[in-house]
Amino acid sequence: MEVPAGFLVVYLLFSCFVASSYGVYFSSLNETIIVTATPTQGQVLKAGEDQITVTWRFNQTYRAGTDSAYKTVKVKLCYAPISQKDRSWRKTVDLLKKDKTCPHKIVARPDTASNNSFTWSIERDIPSGVYFVRAFAFNAQDEQVAYGQTTNAHKSTNLFEIQAITGRHVSLDIASICFSAFSIVSLAGFFYMEKRKAKASQQK
Amino acid sequence: MHGVTGRESVMAFSVASPMVHTDRTAKFALPVDSEHKATVFKLFSFANPHMRTFHLSWISFFTTFISTFAAAPLVPIIRDNLNLTKSDIGNAGVASVSGSIFSRLVMGAVCDLLGPRYGCAFLIMLSAPTVFCMSFVSDASGYIAVRFMIGFSLATFVSCQYWMSTMFNSKIIGLVNGTAAGWGNMGGGATQLLMPVLFEIIKKAGATPFTAWRIAFFIPGWFNVIMGILVLTLGQDLPDGNLGTLQKKGDVAKDKFSKVLWYAVTNYRTWIFVLLYGYSMGVELTIDNVIAEYFYDRFDLKLHLAGIIAACFGMANLLARPFGGFTSDYMAKRFGMRGRLWNLWLLQTAGGLFCLCLGLVDSLTLAITFMMLFSVGAQAACGATFGIIPFISRRSLGIISGMTGAGGNFGSGLTQLIFFANASFSTEKGLTYMGIMIMIVTIPVSFVHFPQWGSMFFPPSQDIVKGSEEHYYVSEWTDEEKQKGMHQASLKFAENSRSERGGKVASAPTPPQNTPNRV
Chain A
1 MEVPAGFLVV
11 YLLFSCFVAS
21 SYGVYFSSLN
31 ETIIVTATPT
41 QGQVLKAGED
51 QITVTWRFNQ
61 TYRAGTDSAY
71 KTVKVKLCYA
81 PISQKDRSWR
91 KTVDLLKKDK
101 TCPHKIVARP
111 DTASNNSFTW
121 SIERDIPSGV
131 YFVRAFAFNA
141 QDEQVAYGQT
151 TNAHKSTNLF
161 EIQAITGRHV
171 SLDIASICFS
181 AFSIVSLAGF
191 FYMEKRKAKA
201 SQQK
Chain B
1 MHGVTGRESV
11 MAFSVASPMV
21 HTDRTAKFAL
31 PVDSEHKATV
41 FKLFSFANPH
51 MRTFHLSWIS
61 FFTTFISTFA
71 AAPLVPIIRD
81 NLNLTKSDIG
91 NAGVASVSGS
101 IFSRLVMGAV
111 CDLLGPRYGC
121 AFLIMLSAPT
131 VFCMSFVSDA
141 SGYIAVRFMI
151 GFSLATFVSC
161 QYWMSTMFNS
171 KIIGLVNGTA
181 AGWGNMGGGA
191 TQLLMPVLFE
201 IIKKAGATPF
211 TAWRIAFFIP
221 GWFNVIMGIL
231 VLTLGQDLPD
241 GNLGTLQKKG
251 DVAKDKFSKV
261 LWYAVTNYRT
271 WIFVLLYGYS
281 MGVELTIDNV
291 IAEYFYDRFD
301 LKLHLAGIIA
311 ACFGMANLLA
321 RPFGGFTSDY
331 MAKRFGMRGR
341 LWNLWLLQTA
351 GGLFCLCLGL
361 VDSLTLAITF
371 MMLFSVGAQA
381 ACGATFGIIP
391 FISRRSLGII
401 SGMTGAGGNF
411 GSGLTQLIFF
421 ANASFSTEKG
431 LTYMGIMIMI
441 VTIPVSFVHF
451 PQWGSMFFPP
461 SQDIVKGSEE
471 HYYVSEWTDE
481 EKQKGMHQAS
491 LKFAENSRSE
501 RGGKVASAPT
511 PPQNTPNRV
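Read top to bottom, the protein sequences are chains A and B.
Residue numbers for the first sequence, in full-length UniProt numbering: 1 to 204.
Residue numbers for the second sequence, in full-length UniProt numbering: 1 to 519.
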């Protein structure tokens with residue numbers, strides 16, 4: 001009885017180790033889109049306050065008609081390598097559906113031939129870090145077929161920094177102090193009162 | 001007061017029979033033994049003092065678990081707000097369990113000397129400000145410091161277990177301790193559900209994510225304050241009253257800290273259980289810290305879904321830990337202490353095996369399955385451990401509970417440091433290695449030997465005197481202390497603990513100096 005059960009367990013385990021590896025790989029895409037963004041190299045922007053204007057167009061040096069398959073373009077904010085260091089939840093993986101480099105969506109637009117541009121206010125939940133902008137072109141089956149980015153292939157040029165909001169507020173700080181004080185004072189009060197009662201009963 | 005005083009002049013090995021009132025005159029809602037500990041466990045009663053103590057105790061412990069692990073399910077948001085690296089997150093996890101290594105040791109002594117009620121109330125009300133401090137945190141070092149301070153509150157574990165041991169008889173102590181601690185530990189699971197839900201609600205109310213998580217921390221803080229007030233107003237230390245009042249009336253003898261510590265530290269069994277608990281409770285704490293983030297990152301789940309799965313781990317404590325206490329008591333009925341030891345070894349090793357598997361699998365369903373099996377193994381092992389701890393020593397129970405509890409946290413801190421704070425290990429590798437370590441560390445339980453009851457592989461001592469419960473427990477007192485009658489409580493405990501011999505209690509040989517118990 002034990003041997004077949006053991007076999008079953010091993011088989012189940014084995015079948016789950018075979019990771020699903022279908023999907024689009026980043027290395028298979030061509031950089032056929034030219035993307036530019038307003039931040040300059042090393043510029044520091046503030047989340048919740050500043051804006052980024054992104055423009056993108058098809059690179060005419062590629063064969064015309066290559067872009068007929070492009071149905072939508074999604075523009076994303078991506079982490080530069082320095083912001084990925086020691087942070088495995090932002091890891092770059094070639095298989096695009098497992099890639100975590102570009103989690104922040106800027107805009108998604110249907111693909112048009114003319115110059116596209118979009119002005120984006122940096123949202124307040126963007127973390128502090130060093131970034132670049134990347135655009136993906138999707139076909140009708142919603143698969144990536146091409147990309148473009150504001151930086152070079154090594155992701156070392158034209159990177160800009162965003163400073164996040166702290167999330168702190170004066171009202172929160174004050175509330176925190178008040179509740180803490182209440183806790184300590186009521187504890188001290190109880191203790192003192194009980195000591196007094198115990199003394200009184202001992203004197204009886 | 002029913003033989004609790006140490007003042008009557010009696011012969012060394014007799015129970016002070018003329019002074020002991022029978023159980024029937026004791027006016028409690030539950031049937032009690034000669035120490036006024038309840039012999040029956042009525043779960044849904046709130047009767048004072050036994051069951052009320054049970055509920056106050058486990059709920060306060062539950063609250064501190066919520067506060068200590070409140071950050072864990074929100075780490076995906078916090079790490080973006082504070083720009084944390086993997087080692088920052090790992091170090092914060094280590095910090096959150098390290099503070100209570102120290103506080104659990106201190107709490108053991110506090111319970112022995114001042115009573116579990118004050119210990120519990122002081123701790124949770126003084127740690128409430130540390131929870132509120134999360135609103136001030138703006139970088140990694142602040143985050144680590146606050147999690148460290150909040151972690152001190154986990155010492156309520158010791159007051160909880162101690163309080164149960166003063167209120168409930170040793171025949172049911174495994175089940176009672178297991179239930180109280182297990183339900184308290186559920187807080188580690190409940191928080192994984194609670195905090196993401198609070199976060200979502202506060203976000204919907206209009207707050208931006210980096211502020212919403214800070215506001216969410218106010219709720220655990222309020223829980224701390226409320227429970228502290230309830231414990232102070234509704235609780236009492238012993239079945240007969242509060243420790244301070246009883247001591248002032250001269251009813252309970254005060255003991256010396258240095259003596260209590262000595263007998264705890266020189267008993268080798270203490271140290272084996274300190275190590276073992278580090279790899280049953282310790283791994284549970286570690287998982288509470290890493291599992292939500294693990295599911296969020298590895299399986300690409302949404303925050304609240306990862307929280308729900310993570311919660312299932314901690315919530316299994318509802319049944320798993322009491323189950324461990326129950327199986328401990330059950331095995332003891334037939335096989336005595338040997339049964340308890342085997343039970344512990346089996347449960348903890350099984351937990352380690354399933355942890356190993358958890359790290360190896362790639363599919364979500366299998367991961368959840370192995371996580372649940374692992375949770376049952378580890379948590380039942382925790383319950384089983386505290387089914388044995390009350391028997392190691394009567395005099396130093398508080399400190400031994402404290403040291404074991406501290407060992408749990410030490411094991412957790414060490415494990416997180418080695419396997420989960422390192423960028424070079426992936427989390428799944430860390431889980432696998434942790435599983436292997438659990439299985440190895442559980443082997444020393446086979447070295448625990450009681451002369452009166454034996455061990456996993458060896459029988460009890462055949463010597464009539466050395467093989468008696470009285471000899472083991474009274475050996476913690478010097479002759480002068482025995483002259484003063486300070487060992488009376490230990491004698492009573494020895495008598496009540498004869499059930500640890502297993503099936504054949506009736507034929508236990510009585511030591512020659514003993515006067516018969518029922519004159």
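Simulated from the structure, these hints should not be mistaken for laboratory data.
Treat the hints with care, as some may be off.
[Unchecked claim] Dumping the calculated DMTMM-like pairs for lysine to aspartate or glutamate here, alpha-carbon to alpha-carbon at most 20 Å:
| no. | chain 1 | residue 1 | chain 2 | residue 2 |
| --- | --- | --- | --- | --- |
| 1 | A | Lys98 | B | Asp300 |
| 2 | A | Lys91 | B | Asp240 |
| 3 | A | Lys98 | B | Asp362 |
| 4 | A | Lys100 | B | Asp139 |
| 5 | A | Lys91 | B | Asp300 |
| 6 | B | Lys204 | A | Asp86 |
| 7 | A | Lys85 | B | Asp139 |
| 8 | A | Lys100 | B | Asp240 |
| 9 | A | Lys98 | B | Asp240 |
| 10 | A | Lys199 | B | Asp240 |
The hints, checked one at a time:
1. Lys98(A) with Asp300(B): At roughly 9 Å apart (the allowed maximum being 20 Å), Asp300(B) and Lys98(A) satisfy the hint.
2. Lys91(A) with Asp240(B): Roughly 61 Å between the alpha carbons, so the hint for Lys91(A) and Asp240(B) is violated.
3. Lys98(A) with Asp362(B): OK: Lys98(A) and Asp362(B) at ~14 Å, within 20 Å.
4. Lys100(A) with Asp139(B): Status violated; Cα separation ~23 Å.
5. Lys91(A) with Asp300(B): This hinted pair holds, its Cα atoms lying about 13 Å apart.
6. Lys204(B) with Asp86(A): Roughly 32 Å between the alpha carbons, so the hint for Lys204(B) and Asp86(A) is violated.
7. Lys85(A) with Asp139(B): holds, 17 Å
8. Lys100(A) with Asp240(B): violated, 62 Å
9. Lys98(A) with Asp240(B): violated, 63 Å
10. Lys199(A) with Asp240(B): holds, 19 Å
Violation of the numbered hints given earlier is confined to hints 2, 4, 6, 8 and 9; the remaining hints are satisfied by the structure.
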